[in-house]
Structures are given as C-alpha cells and as structure tokens.
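**Student:** Given the sequences, and given the hints that come with them, work out the whole structure.
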Amino acid sequence: MPIAKSERLMNLALCLMNTKRPLSKRELRDSIEAYREAADSASEDSFNRMFERDKDDLRELGLVIDVDENALDGELGYLARRDRNRLPEIALDAEEAAALSLAAGVWTQARLAGAASGALHKLRAGGALAESDGAEAHSALEPRIPAREAAFEPLLAAARDRRPVSFAYRKSGAAQPEQRSVEPWALECWHGHWYLAGWDRDRKDVRVFRLSRITGRVKARHDAFRAEVPDHVDVRQHVARFAGEGATATARIRLRRGAAFPLRTKALNAEPVDADWDELEIPFGHGLAADLTEFGADVVVVGPAELRSDVIARLRAVAGSTGAAGIEAAVAVATTGGSAQ
Amino acid sequence: MSNAIDQTRRMLSLVTYLRERPGARVGEVARAFGITERELVGDLNVLPMCGTSFRGGDLLDIDTDGERIWWHNADDVAQPLRLSSDEAISLLVAARAVAGLPGLRERDRAALTRAVAKLEAAAGDAAEGSARVGVTFEAEGSVFADADRAITERRRLWLRYYSSGRGEMTEREVDPIRLVTEGHTYLEGWCRLSEDRRMFRLDRIADIKVLDVPSDPPPLELRDLSEGLVRPAEDDPQVVLEVGPGGRWVTEYYTYENAMELPDGGLRITLRTPDPAGLLRLALRLGADGRITEPPDLAERARSTAADALARYADTGAAG
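Line by line, the protein sequences give chains R and V.
Per the working numbering, residue -9 is the first one in the first sequence, and the count goes up by one each step.
Per the working numbering, residue 30 is the first one in the second sequence, and the count goes up by one each step.
If you're looking for bench data, these hints aren't it; they were derived computationally from the structure.
All clues stand as given, with none of them false.
Simulated pairs of lysine to any residue, SDA-like, Cα-Cα distance not exceeding 20 Å:
(1) V:LYS238 - V:GLY170
(2) R:LYS256 - V:HIS213
(3) V:LYS238 - R:THR255
(4) V:LYS147 - R:ALA120
(5) R:LYS256 - R:GLU235
**Tutor:** Structure (structure tokens):
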C-alpha cells in the first residue's frame, strides 16, 4: 500500500521546519520514505512533480518555505525558517474566543470551512484561545455564508493572489454566454448571492459580475494585473443600486390596505384614499416595475407615466399569453421584454 | 485529496497541542479539534511515522493507551504556526460579517471587533487578502433582538407576519427555535397556528412581541440546512415554468428539480412547492420573460390575475 499523502506532507513539513541549513531535493528524498518509494517505483519526473505539488500544498497551509539558490553547490536548497513560521503572540479572552468560534462556523463552502476550523486549531494549539466557562449567553444565532457557485473557489484564489482570470459569462437576459477576461479585485456576498468586481480587460472598464451567471470553468492566467487596483472597491454599493436601492426619484402608487407589505415598508409616506386603499410615495429605483407587477390587482401605479405603462405592458404580457404549451410561444414572449433582475 | 490536506493541517496543530499537554485525554483532544475519537486515533497512527528523517531514529514517539496520549520525545519541533492566507481570510471575513449583523448583542459585537483587531495583527501579511472579500448579512435589528431574547429566555412570540405565498398579513404565536442568517435572516420556530415548523423571514415580520408564556415546542431534531433553507417535499405539487433568457434568474432564487435548456437561451424549469398559488406572484413578476405552463389551472389563474390588475387601469381611464 502506498504511503498516505498526509504522512508524506507531514514528514516534508517536519524536515523543512527542523533543519538549520537548506536541504536539497535529494536530501529530502533520502530522508522521507514516501519519496524514496516514489523515486524507486516511478520515474524521476513523477517524483519531481510530486515534490512540487507537496511544496505548494504546504504553502497553502501557511508554511513559508524559503528557497536558497546558492547554498548547495548550485542545487536549490529548501527550508522553513522558524522565525518566519511562528504564530505571533496573540491571546483572545473567553468572550473573544467564543464569539470567534461562532463566526468561524459560517462557511458552508468546504475549502473555507476547512480553513476556518484549521485556523481555530492553530490558535487553540498555540494557547491563544482562553477556555470558556460556558456561562455567558450568546446570541442564539446560526449565521451561514452560502457559496454554492462553482466559480467561488477559483475566483477567491485569483483575487487573493491577484491573478487575472477568464470565464464565460451570461449577462442578464442574454441568450448566449460571452468570454470575459477580468482582473478580479473583490468578492462580495449580498442577499446570499456572490458578486465579483474587477477590471474587464476587453471593455477597459470596471465591471461587476454575478457568480451564478458564470458558465463553465474559471481559467487562471499567469500574467500580472495591468490596471491599477483602487484602494477601496465598493461592490455592495454597485449591486445595491442595481437592486433598486439608493434611488432619488420617487413614484406614487395605490395599495390595497393590508396587502403587499414589502412595498409598504419602503414607503416614504402613506395616506388613506378610502376605506380600502392607501396612496404611497416610494423610491423609484431599478427594477421597481417588476416589484410592483408582482402584487397584481393589489397595486395601481399613479405615476410617473413611464412606470405606469411599463407595469401595464408587463401585465398584458401575462394576461395575453395563450397557454397552449410550446417552445415557440415561449420564444416569442421571451424575446420581447426587458429583464426582471 | 482535500482530506489529506485537512488531515495534514490538523496534525500540524495537533503536535503543538500535545506538546503543551502531556497525558492529554483522547476525548478532550477530539472535542478540541472537532473530530471523532476514531479520527483522532487515525491521526495518532500516522504521527509515529513522521519525523525529521525516517532513518535517523527521530520519528515522533507518540502513543496512546486509548484514554491518554503521551509524547515521549517531545522537543521543539512543534511551535505554534502562523496562519495561512486562506485561514486568515476565512476567520476575518466571517468575524467582520457577523459583527456587522444588525441586532447582534453588543457584547458579542464588541468581542468580535476586538478579536478581529488581534487577528489582523497576528496574521500580518496573510490578512491582506481578507479586505478583498466582503459579506453583508441583512437583518432587522429590533425584530432580531426580540427573537434572540425570546430564544434565550425560552419564551413564546407573537408575530404579525406577512405571508408571502398568500400575500396577506397573518397573526400567530410561535415557539422560537433558532435564528438562521443566509443573506436574509430567518426565525425558525414552531408555529402554533399551523402546528408545524416554519421559517419566518425577519423583514416580513411587521410586529413582534415577547409573550409572558413559556416557549414549548415539541421535541424537534434541528434540520441540516446545508442544502438550502427551503426544501420542498417529494409529494408537493409540481409546477413547470418556461422562461426566456431574461427569466433565468428564477433558478437562483427557487429550489428546483430540473432546468432544461431551451433553444432560445431560456429554460424549462420544473419545481415542487407546497403552495403553488405562491408562484402566481412569480408569474406576474416575470412578465414577458416567462410563464407557468403546468398545471393548466395555475397558468389560467396567472392570466386572470393579470387581467384583473389591468382592469384597474381601464377603470382609471389610462390603460395606454
């Protein structure tokens, strides 16, 4: 049975951390049984690939591995210096430790969930987390950060390492995806959905992408960013504006009393019209027509006229569809309208 | 091979932990690392095969009698290790997100803010990437605080709640179970009106009161929410929607069974819902971007609802 990868990685880490001088690849191979087995039973090439992958894996786990080019008569030497790998002095009191443990459980995405619990283990092993006496009450809360989008993990790595990426992206309402080439600046999760802000190389401008609209694989490129990264990237503001927030214009609507609570909470002011209806002034931002149409006969748009006719057109599209099933009919209605999101 | 990575990460911390705690108990160590005793014993079987050189006789001499763990040649191989970039990002982003949740207890918020500052200092360069990831949790602060208090004090809640499916305001008493945040924040509770477990979205709670009645939910197993908060049952009625390219977003907001590509770039989406009438609102929102095709009576209701709404504009004499 071949030696388990975890045993091999652990041995490599211990060798690199405990040497005072850089070790050559040959010395490491002679010290670590799994490498000797690999070198004996497979080609030199496959051992080399294994060694490179293992170093990358340990670096992902946080190990700083220095490469010394001159140490060993022209052979590269490797070592993980203690001072560069030690956790700096840190002490969290019981309250801080408990709050951090609650927060660390938010990730549902496997890679970050593993990283978060790994970080807590490091802190606990290093004696940085005070033990809780379990007496304090905390918010009865289970916060969760969803990240079901396949593009999340590669984009996180690319944004972290400042690597350009390319991917196929289907714009809202577009029939076909298009290839995009992007320098990823920041990722933001808003209302449970992930967005990427970055420099679009072809459009030569800042763009925000919704991760769920990325189709296919995210490919990492190996060149450097070309555009300057701004100090602060506000993805949230951009996305919120698209979701209709921060609007300065207003609209007047009539609303049946007791209906459409979500619209009522947005009202800037409201006054009764008669026994059953109120008139409300609400912000007129992006997407309002779709928001209003949703409530059917419980909402009547008073103005402005463009909003009123937009809602009427949407209602007609629903009222007029024939109901005879068939793709042709769906094609016909689908190509006429704007997008709801 | 992510298992090997996670196990290596854990074993690197395990040696540091064991070095500081000679004779540590198996049960306690497993708890501290959030693993089963079996997994821990798996790690303890690997560690004696590890060392700075397999021929030098300097393998880790760690063994266990099943109850306690002993490390006989513990030396300084096991210093506490710095955080990796992903580790720093995962903790910092999570802590900042939770600290920003409206309604969180001030003590928790203050503790998280202090922890973030200490972590940033300890993580150094590794913390840099964490500014490139942000998460905003939405919650209605005062509603959150009342629900939170009711759970801690085990008291029943009275809610005036807007039922999105029925499109109307309801009043009900609820025995709260937990608060779950995933984008929006939800209160999970045992609804005394429907005698069933329900999720209430906080931004649809119009009014909330903590009652002087003890909360008394029936014994319930907490559901695993990793597949999403809403999981339709297999025998719920089936609805089919056909959407154009502009209606593809439906698959991002609704749990669906199946989405078939249509030649125009649209989708035929099959989903199940306990309350098909709740999808009328979706059909109206879609407008020209899609429609319900099955069941036929629901499709017909969508049309007639739209026609009723149009009639209001005809009444006011400006139907365009």
